[in-house]
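A.B. asks: Residue strings, one per chain:
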Amino acid sequence: MADLLLSGLSGLTAFRNVLDTTGHNIANATTEGYSRQRVELDASNPQLTGAGFVGSGVSTTNVSRIYDSFLSTQFRSSSTAASELDAFLGFASQIDGVLANENIGLSTALQDFFNAVQTVADDPSSIPARQVLLTEGKALENRFGTLDQLFGDISRQLTGSLEDQLNDVNTLGENIASINNKIVVALGSSGGRIPNDLLDQRDKLIDDLSALVNVNTNEQENGAVNVFIGSGQPLVLGITSNTLSITPSIDPDSVEIVFNQGGSSTIVTKLMTGGEIGGTLRFKEEMLDPAIHTLGEIAIGLAYSVNQQHANGVDLDGDQGLNFFSAPVVTNFKNDANLGSLSVSVTDPSQITSSEYTVTTDGTALPNTGYTITRMSDNSSISGVISAGTSISYDGLTFDLSAVNVNNDYTVASPTRDAADNFSLLITDPRDIAVALPIVSQKSTTNTGTAGLGNVAVDGLQSAILPASLAAAPLPASIILTYDTSLFAQGGYAITDAGGNSLGSIDYDPATNNGMEYSVNVTGFGDVKFTLSGQPDNGDTFSLIDNTGGTGDNRNANFLADLQTALTLSGGTASFQDLYGQVIADVGRRTQAAEINSAAQNGLLAQTLASKDSISGVNLDEEAANLIRFQQAYQAASQVVLTSRTIFDTLLGAFR
Amino acid sequence: MDRISTSLAQQLGINSILLQQAQVNQTQQQISLGKRILTPSDDPSGSVRLLDLNQSISRIDQFQDNLDYARNRLSLSDTTLNSVTNNLQRVRELAVQGFNGTNSAVDRQSIALEMFQRLDEIVALANSKDGSGDYLYAGFKAQTEPFSGSAQTGSFSFNGDQGERYLKVGENRTVTDGNSGAEVFFDLKDKDGNAESVFATLYALATDLSSNRPAAEETALTVGTVAHAETATINGINYHFDDGSGGLPAADATNVIVAINVSSSVTATNFAAAITANDNTLNVDVNADVVTVTAKTQGEGELIVSAMPTSINATTVSIPLYDHLDQIDTALNRILDVRAQIGGRLNVLDSQDNVNQDFKLSIESTKSQIEDIDMAEAISRFNLQIVSLQAAQQAFVKVQGLSLFNHL
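In order, the protein sequence lines correspond to chains A and B. Residues in the first sequence are numbered from 1 upward in steps of one, following the working numbering. Residues in the second sequence are numbered from 1 upward in steps of one, following the working numbering.
Check the hints yourself; a few may be wrong.
Claimed, not checked - BS3-like, lysine-lysine: derived pairs with alpha carbons at most 30 angstroms apart:
#, chain 1, residue 1, chain 2, residue 2
1, A, 138, B, 360
2, A, 204, A, 270
3, A, 204, A, 182
4, B, 129, B, 189
5, B, 191, A, 443
6, A, 334, A, 270
7, A, 443, B, 129
8, B, 189, A, 443
9, B, 360, B, 35
10, B, 35, B, 367
11, A, 529, A, 443
Derived from the structure by calculation, the hints contain no laboratory data.
Can you build the whole structure from these sequences, using the hints too?
C.D. replies: Right, dumping it as structure tokens:
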């Protein structure tokens, strides 16, 4: 009878616990990371009586959380992958959206610029047409500037968000360590009973961490969990946590992530994979940097080619064309305290890479000092000795080593990094646009043959005025080609200057050389190119004379306009527009891939979350059912107590 | 899955609504802009093709602008040369009229006066400018007046150069927008192969007329030792020389027998008499062994002296009028040539114009296929998306209303 009371009481206690736990579950139905709890009830040990074992009620053995550590790990890895793609996609969409805008993209500005060049070619002496060209040149500069600024903004935003993410990682690490501590204490003081809610809290923190970066955990016997991030960096070891921080990189627009552990720091940028941090870094490496560098490559190619061609022409005043756009600049930093300096310039935009370079010299005395130029992107290098030549061409750059010293160590910044930012229009006076060529051909009026000389071009113009010896000569005669049937096998042109001094001769066989291009180098002037055609008679002459007053000459403008479609970039395979198209395609493709992968990964994440939640999540209907069920059980147990009392009372009444 | 947590159920419902909202939004934007591709990621390769197509269109537009420039200049040049031709023809008429033997010296001077005026007009035409103030015939020296000289100065020079400007009117298609003045007016070859300008010709012509120079052409026939049966042909009449041994064609309108003598001068005298007797279009003069024949009618055309035997040496004394007229014809032919070139170029421009427009049209249609949205498809998709969004929302509300707690 006493057993009945005790059984009843044990039921009351047990069902109170169950109801409390159900209440706890209901209260935490929306708590993130909460695992529903269940009270484990066991029948109490029976008492041996003469009639055998008689039950003595129920006892609460444990309150456990419903939790599947396998699903939890799977959830974290899905979460890592999904957040990485989300972070990547978030940034990628920004660029994607911007490049689609015709008012920001480079394409229309390029077209407008070259159309303006053609308009000048239509009417070379028109100042308004030239002014339009300068305006379009300025627009191009602005467009490069806008894009560079945009990429710069994204770059800064990216650094900012990396900082936030690292702070989050540090805070999470600290909190996990702190909860580790509480769990260790709780486990110790409870004799091994699990502090479910603390575990949930810690799991939630680790889940949060997994959204930021790749996470691995390792549970210790004392209940603490060691947390490793990235490729195994120990963020939390027992009750201590380490931190991540940001440090400036060699590249001024970039940063490195540093792992700080017990006073020592290591750069771990490349090791931080997965999660928002991994996604952010991957976006920078795969999309932002290539876009910036390709834009820089276009800027370098455009400035270099336009300047080159412009310098072959003469302006309205007959002066040689100045730099149209600012010449590409390649900066370098000296890392040692020794004397010496280095200068680097762009000489072939089609070979330009986005890499940084180092230039080092050894200790051998000049001029037998050895040098090594290393391309940082793949560590390939060339080396030699200074005495063998100080002008070294490598990857479209020319390294001028004439002023370097022994034991020098230079870092050459990526040539393309700041090129778009540095791109600017230098010509301000419309008269300074050089659309004419310095020379014009003239057919002698006494020629009797049908020969012609055309397509005159100039390359590597050194001085817009013909050399003194030629220019001083009376016109018409500066460079004179006279056909002589006695030259070569089938005749040819003798080339002389006005003074009759020979500049060489050209083999011209009318039968086979008709329409061929020839080039004559005039010392102090440059290469003069022309095509010869037709059948000359003996003594027929052509002259190439100074194009003084040639304000209606549009030949150089035509050459400039040809640059629009010339394959000047990427090893001679791409025009400016092509390369810009590659940026668009690359950004578009990567964004599209990120969208698709992100959708897939988020689907997987939702699936994993659903699996995890189906085990651990609270279902209110279920809890309501439990509430009804255990309320009834509780009522029943109280009836047992009541019955026990009634029996006792009956017994007492029997003796009254 | 037998069991689903309440918060997950709610989250799934919301997720499905959010996803559908995003789709509705995308479709709405596509419809309102009429574009299928909103950002490069919507169709990366399509976006790049659009860039290329836009560049092509932009280039074609520019080619059309260039083409208009070239067309304007060429038309202007054609009109100018037409005026020059009219003037030259008038001068030619004046010359023929002026050298007519019936004119007095004073008549000729007044005709020469008009010629000088015509000359100045042609110089002015040759110095024409285009719409933007560039000289048409100065070559590259567009701001330099190409021709200096006038009827007053009488000496003419070309200050331009031989530069010819090319304009791009299509991919790989260029057209010259003018001819150098050197070619059109200046470097005209005379009968000796020397360059002479049309201005110099006109000036000389007018000066000759004004100074009343005669314009007849005379041919001096120096008679040597003529052999029997040799034949000289003048104006289509064959003069057969005969030492009396006979065997020659019978004498008629085109065959004349001329007796020869051992003395050249006697033969010459006989020859002169034969010509005088048989050809009334010629004035004949004889001096020792030289017979001089001159066309009676002054004006155009050369005396047809042909098939002289080796023993008779014929020298045509050049009278400037005919050379001048020839030279004017050369100039007229040159201008005709140049106008033919211009006409050819204008034809090229017209056909290139069509090519450009067709090309642009085809690019525009390709572009539209890539870029533009199929409105019917988009709108039906939009409606479907809206319906399913509404369904998701209603389902969400219904499911959320289901709770056992409602029944406690």
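A.B. asks: A separate judgement is required for each hint: does it hold in the structure or not?
C.D. replies: Status of each hint after checking the structure:
Annotation: proposed proximity of residue 138 of chain A to residue 360 of chain B holds, straight-line Cα distance about 28 angstroms (limit 30 angstroms). Pair hint residue 204 of chain A plus residue 270 of chain A holds up; C-alpha atoms about 27 angstroms apart against a cutoff of 30 angstroms. In summary, the hint linking residue 204 of chain A to residue 182 of chain A is supported, as the alpha carbons are separated by about 15 angstroms, within the 30 angstroms threshold. With a C-alpha separation of about 26 angstroms, the suggested pairing of residue 129 of chain B with residue 189 of chain B holds against the 30 angstroms cut-off.
Pair hint residue 191 of chain B plus residue 443 of chain A holds up; C-alpha atoms about 20 angstroms apart against a cutoff of 30 angstroms. For the given pair, residue 334 of chain A sits about 26 angstroms from residue 270 of chain A by alpha-carbon distance, which is consistent with the 30 angstroms threshold. In summary, the hint linking residue 443 of chain A to residue 129 of chain B is supported, as the alpha carbons are separated by about 24 angstroms, within the 30 angstroms threshold. Distance hint between residue 189 of chain B and residue 443 of chain A is fulfilled; the C-alpha atoms sit about 14 angstroms from each other, no more than 30 angstroms.
Our distance criterion of 30 angstroms between C-alpha atoms is met by residue 360 of chain B and residue 35 of chain B, whose separation comes to about 20 angstroms. With a CA separation close to 11 angstroms, the supplied pair residue 35 of chain B and residue 367 of chain B stays within the 30 angstroms bound. At most 30 angstroms may separate the alpha-carbon atoms for a hinted pair to count; residue 529 of chain A and residue 443 of chain A meet this at roughly 16 angstroms.
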